[in-house]
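Please take these sequences and the hints and turn them into a complete structure.
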Amino acid sequence: MAPTRPGRPKVVAAALLGAAAAAFSAGCGTGPGTASKRVGGHAAAPSFSRTAVNPGLGLVSPAAGRGHAVLLSFLDVTAAPAPGQPSRGQLVIVKSMDTQSEKYGLRTIIVDAGRARPSALVNSVYDWSLPRSIALVADGDGSLARAYGVNRAPTTFLIDSHGRIARRFDGLVGSAQLDFAIRRATGRGPVG
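Counted the way our numbering counts, the sequence shown spans residues 1 to 192.
Everything labelled a hint here was simulated from the structure, so no lab data went into it. Just so it is clear, CB atoms sit at the ideal spot from N, CA and C, and this is done for glycine as well. Hints may be right or wrong, so weigh each one.
[Claimed, not checked] Computed beta-carbon distance windows for the label pairs:
hint: 1; residue 1: Phe180; residue 2: Gly140; range: 12 to 20 Å
hint: 2; residue 1: Leu172; residue 2: Thr99; range: 16 to 24 Å
hint: 3; residue 1: Gly187; residue 2: Pro118; range: 29 to 37 Å
hint: 4; residue 1: Gly174; residue 2: Gly56; range: 27 to 35 Å
hint: 5; residue 1: Ser161; residue 2: Gln85; range: 29 to 37 Å
hint: 6; residue 1: Gly187; residue 2: Pro131; range: 34 to 42 Å
Here it is as structure tokens:
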């Protein structure tokens, strides 16, 4: 057996540990197929203006909510109803947060990540029982998903009152975590 220098096993172990940590953190929070262009971390929210599918709501834009926080959720609206379908589960939470936070000025926009045409989404407003406070917009060409770096649904953004992305949630986000982020963004009382 060849003699080893003192401290060498520690250096090798530290290098292996560092490589494992880097590989782990590179994969955390990204999930399969997540875009390399990720929008978040207090970046300015990409601007857009679309006509809502909801009858009577007209033009919708996160910028129109300046001075108010905006909950922007990319959901697969046209996905077949099925138990465990993540967009359906996220919708329940988004509707709950909208109801609880509307009086604090929260604006809510759902973007169809299924890339359906607006005419195909009209019934979804009724099927999903969307209140008038939640606007549904189509993203038939995928330009909004690309602008926000979204590759899967659900992906939800919380845009603060200054038009900056306060939080990005990839995948299904629970109501407690979303409520905490909304409280911080709207400044409505103690957080915790």
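Going down the list of hints, with the structure as the test:
no.: 1; hint: Phe180 - Gly140: 12 to 20 Å; verdict: violated, 34 Å
no.: 2; hint: Leu172 - Thr99: 16 to 24 Å; verdict: holds, 19 Å
no.: 3; hint: Gly187 - Pro118: 29 to 37 Å; verdict: holds, 35 Å
no.: 4; hint: Gly174 - Gly56: 27 to 35 Å; verdict: holds, 32 Å
no.: 5; hint: Ser161 - Gln85: 29 to 37 Å; verdict: holds, 32 Å
no.: 6; hint: Gly187 - Pro131: 34 to 42 Å; verdict: violated, 24 Å
Hint check: violations occur at hints 1, 6; the rest are consistent with the structure.
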